[in-house]
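Colleague: The primary structure of each chain is shown beneath.
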Amino acid sequence: MNRESFDPIKLEVSWNRLISIASEQAAAMVNSSFSAVLGEMEDLSAGVFDSAGVMMAQSVQGAPGHLGSLSTGVKSFLERYTAKDLAPGDVLITNDPWLVSGHKHDITVVTPVFLRKRLVGFAASNCHTVDIGGRIFSAGAAEVYEEGLQIPRMKLFEAGVRNATLFRILEENVRSPELVLGDLMAQVSANETAARRLVDFMTGQKLDSLDSLSHNITSRTARLMREAIRRLPDGVYRDRGSLDGFDTPLEICVAVGIKGDTITVDFDGSSPQVPKGINCVINFTEAFTRYALKCLLAPESPNNDGSFAPIRVKAPEASIVNARHPAPVDGRHLVGLYIPGILFGALADVVPQRVLADSSVLSAVTLAGRDLRDKPYVFTFFSSGGMGGRNGKDGLDATAFPSNVANVPVEVMEQATPVLVTRRELIAGSAGAGRYRGGAGQRIGVRLRGKHPATVSCMVERTQAAPRGLLGGGAGRAAGVLLDGKRIDPKQAFQLEPGQELVLETPGGGGFGKEGG
Amino acid sequence: MPLKNTGWVVGLDIGGTFTDVMMVDTRSGRSARYKALTTPADPSIGALEALEGVLREAGVRPDEVAVLLHATTLVSNALIERKGARTSLVTTRGFKDVIDIAREKKFDIYDLLLDKPAPLVGRDCRIEAPERIAADGSVLEPLTEKAVDAVIAALKSSGAQAVAVCLLHSYMNPAHERALRERIRAAVPEASVCISSDILPEMREFERATTAVANAYVQPLTSGYIDRFAAGVRTMGLACPLFIMLSEGAIAAPELVKRMPIRICESGPAAGAVTSAAVAQQLREPRILSFDMGGTTAKTCVVHDGEPTVTTEFEVARIYRFKKGSGLPLRMPVVDLIEIGAGGGSLVDVDGLGLLKVGPESAAADPGPACYGRGGERATVTDADLALGYLGAESFLGGRMRLDVEAALKALAEHVAKPLRLSVDQAALGVYEVVNENMANAARVQAVERGHDPSGHVLVAFGGAGPVHAWGVAQKLGVEKIVVPPSPGVGSAFGLLLAPRALNLARTYIGTLEALDWKRVQRAYDEMAEEALAALMQAGVNRREARFTRRADMRYLGQRKEITVELSGARFDAGRMKALRESFERQYEKIYHRRHDAHPVEVLCWRLAATGPRTMRLPSSKSKAQGTPKTRARRSRLMLFPGWSKYRMCPVYSRYELQPRAVLQGPAVVEEDESATIVGPGGRLNMDGFGNLIIAVPDGRRFG
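Heads up: the protein sequence lines correspond to chains A and B, in order. So the first sequence is numbered by our numbering: it starts at 6 and just counts up by one. So the second sequence is numbered by our numbering: it starts at 87 and just counts up by one.
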């Protein structure tokens, strides 16, 4: 690899360009998407990579779990394809949970970029699809086979020609093929936009390869991370957190070992995997570990593979944070989203100025049925509770953390489904008390219009294990799901009849520091 | 009231630091400029002073002024500084927290200490009304008299000076909002009332509520300001009509602005875009990038076929300066421009990665750049420009303000060169390069997001710092031609004189092309035309002068984002279906590289733009001068350009001494009172017959 160094000005200029290319890629995906999951809630990521699959830049918008695992995902394609297997016009695809972001509902599309017929890099994106067949989006499966269609690493387009067989299989296996395929094409188009911009950029800069630029970017970023780690006292810092789990409570244990300029995060002691779809593949565990540490160590610098270099993640095989095939994984975020809070707990005394108390975990409700015109629909809406209190500031009300998924406007949801939203309000008193209180949770009520019932799957955590306070702060209010005012077990899929009101209450964030302290 | 096109037309632009005036006598072609400090406490004071000043200096009597055109930062400042009225919000029952909950996502995923912009209305000032309209516009729960009475009682006890009403699905059926408006007006006459279906009849309750609230919040303030300003102008002896610039680049009557004050939020930057559009028309340049760089920010926008692009998505009062997503989202017609923290006063810094950063923080007017010698110690863009010889220490602001070169060099040495281990020269060049790249990047994203390649454009540069940096920005964008119009330092005030009196309206009516009720489409257009014509007539336009353009926001059924497609003709029926689909798909393919052949196409919003005449136009006939006049440099100065290892003597010209057809070679500087135009090595500048400076940039695409 050419290790020529860039002067700081040229590097700044080029680096900014790569970030703006990735951001344009994400914006193109959102704008040309068909589903609310992409278009309104933006459950996606985009990034640009060098020829060795090293992530140089990611989009400014995006979900951390996706962003972290996209990098691992692109490298897995390079195990399957070498440069000579790829040609201009090829587009690669997979949704293998173990290769990218941990469940089949995320489709990864990777477009090789060619300059004068030579492979120079990749544009990649990862999006939550509205449906992938099998069960609807839920944690109810006993094996990954029940969770829908698995697309191995393969070519979606070969030299510009679409893989008609794969398109037909997809079309016949999913509930809303026009949304699924529309979103997929949005990914393909957006990657193509990014690929064209990369070629323009290289032509303009007279670059034959991105690898030296990539090396400069990632090594600077890694150096910054290492410097930040070196400033922390060596030691092993531990914490454990309990989760609702599915049938029985589960536990995530972390030991954060700081030694010199590296960090090793060991999840030893965490619960074994369970026969319900909440297990995390190691990629997803790594993504949230890296994300949390970056927030603490170098939040202001742009993210790329360099941020990951000084971080090692270890997790026991066949555990909830390192699931073994064929464990079910569709609701893996119900476990993975806890990881940052537990890491913050472990490091609370080491970097108290940066950590925050526990936050809510993203809740998802999926409804499937027939609309007012008797046409089938499937619709997922995400909803966040309060963020944890921070050192010096209250937690943010109803704000996504650690995910960064937006909500869907009431008016959009009601245009797309027969649902009538009865309320969307902050829950008074739901925030954990403390010197700095947590953010408030919210209450959303829905009712069906028309005469058809709907199948409902709720993926809601923290109904038992409420967000903890930190450094003396109080816990936030737990989550709840109510049917006509009565609490129900949110883990089981059920039928919602017209006229019934389903209410989701998202948790309040934990408080930071002792109240009055 | 038709405009007298005989007499002085005056444009007055209140900016963050300076209030600029540009006036032209349409009879003789004589012009005059004036700059005065803005008076933030009551901007009408500084504005009236500036007006008095320009008339006095030019020896013009107040009654010789034929029309006064105005742009102001009043509304955006009130939103940034939170100095609007005590406002209440009325919502559908169960939804008063929608403006807190917002969209739930964070604008920066790594910054755990970030804040979100607080709503303009506190929770204690929100009132819920029991009522419900469904997504199709049908009434699920009627709004009862009792409910209205309760809302009014609550409003009275809240002491609101302004009220916004935003009910769910009011864009489909505004009946409940209208009923509330009438009753509140009657019962609480001291408060101004605005309803969301009037301000923004579009889907998405959070953005619609935020926009309606922002409008209500600035309404009392804006009305008061306009009344005071108009009275002051009359007292001064001006008897002419007063018109105000809207964010969409059109001039409107004060009555409209009082009803929808939010629409003047970006009036100054919009006026700048109008200047570029006028230059585009004058030079018949179909593809222009407008580049307006002032003291604090730079604004760029795309001007195609002589018209700036107008969008409806906009954010105001960003709490993390210029960070996308950190402001209050507003939906209203606004010139599609991008504003970034890159101006002459932008501060230079070295970040944790050892990289050079410029802006977005600004030294503003106080203390100002180090070279102003007013206590500023940190280096700014202006300091680097001075160090590189692009600005003259003696010639800044026509020599009225001497710049301190030593202070500039010291600031660059200590705060930039030393931490980066560069020479001061390299540091100064670095600042020039980085700020140019920031602006070029913003311009590039702005263009490419809209499907345009920036390199095929002509750069029109103005604002005090625009002509200084246009050379560097053009190279980075691959632009081959720069135009610097006359009086670039008061470019926005000039734009006021060149703007049409116009209004953009929209109606939401959603349906696939196959399912639309075309009679309803026709009715929507007829109503909009009537409303727009009434507003234009208020602004002195007569019926024959009004021109209408129709556009529709279209997408493939169910897609997130619509694209705006121009429609031909004024009559709408089912026969138009095929042509509409084709226009949409052609444009879609340009942006996303493909079509979805079998997919239905949906229309969401129908737009009408009504346009009347401009106050004045740039001259369309060139000077008839023949031959190549002599150009002589006034003096020379040491300058440093990218790629040079050391300073070299370069000529300095005065713009006032250049004649049409004059030609000069770069490297060189052309100075004028409020700005300086840089021509780099290999560049060639000529003054055209209109007095524009035209620069040919060789070797564009240096940075692709």
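Keep in mind that the hints were calculated from the coordinates and are not lab data. Bear in mind that the values here come from a model prediction, so they are computed numbers and not experimental data. Be aware that a few hints might be false.
[Claimed, not checked] Derived list of chain A stretches under chain B, where covered just means 3 residues or more per stretch with a C-beta under 8 Å from a C-beta of chain B: (1) 85–97; (2) 317–323; (3) 338–344; (4) 395–405; (5) 510–519.
[Said to hold, decoys possible] Looking from chain A toward chain B, a few residues come up when the C-beta cut is under 7 Å (computed): (6) G44; (7) A169; (8) R180; (9) R225.
Ideal Cβ placement from N, Cα and C applies to all residues, glycine included.
Colleague: Does each hint fit the structure? Answer for all of them.
Modeller: Comparing the hints with the structure gives:
By the rule of at least three residues with a Cβ nearer than 8 Å to a Cβ of chain B, the coverage given for the region 85–97 of chain A is violated, with 0 such residues. Under the rule that three or more residues need a Cβ within less than 8 Å of chain B, the assignment of the region 317–323 of chain A is violated, with 0 such residues. For the region 338–344 of chain A, the proposed coverage by chain B is not satisfied: 0 residues have a C-beta within less than 8 Å of a C-beta in that chain, short of the threshold of three. A stretch counts as covered by a chain when three or more of its residues have a beta carbon under 8 Å from one of that chain; for the region 395–405 of chain A and chain B the count is 8, and the coverage holds.
With a cut-off of 8 Å between beta carbons, the region 510–519 of chain A has 0 residues touching chain B; three or more are needed, and the interface restraint is violated. For G44(A), the suggested interface contact is upheld, since its CB lies about 3 Å from the closest CB of chain B, less than 7 Å. Proximity of A169(A) to chain B is violated relative to the hint, the smallest CB-CB distance being about 15 Å (cut-off 7 Å). Interface restraint check for R180(A): the shortest CB-CB distance to chain B comes to about 14 Å, outside 7 Å, so the restraint is violated.
Annotation: R225(A) was flagged as interfacial toward chain B, and the flag holds, the nearest CB pair being 5 Å apart, inside 7 Å.
Figure legend: structure checked against the earlier numbered hints; hints not met, in rising order: 1, 2, 3, 5, 7, 8.
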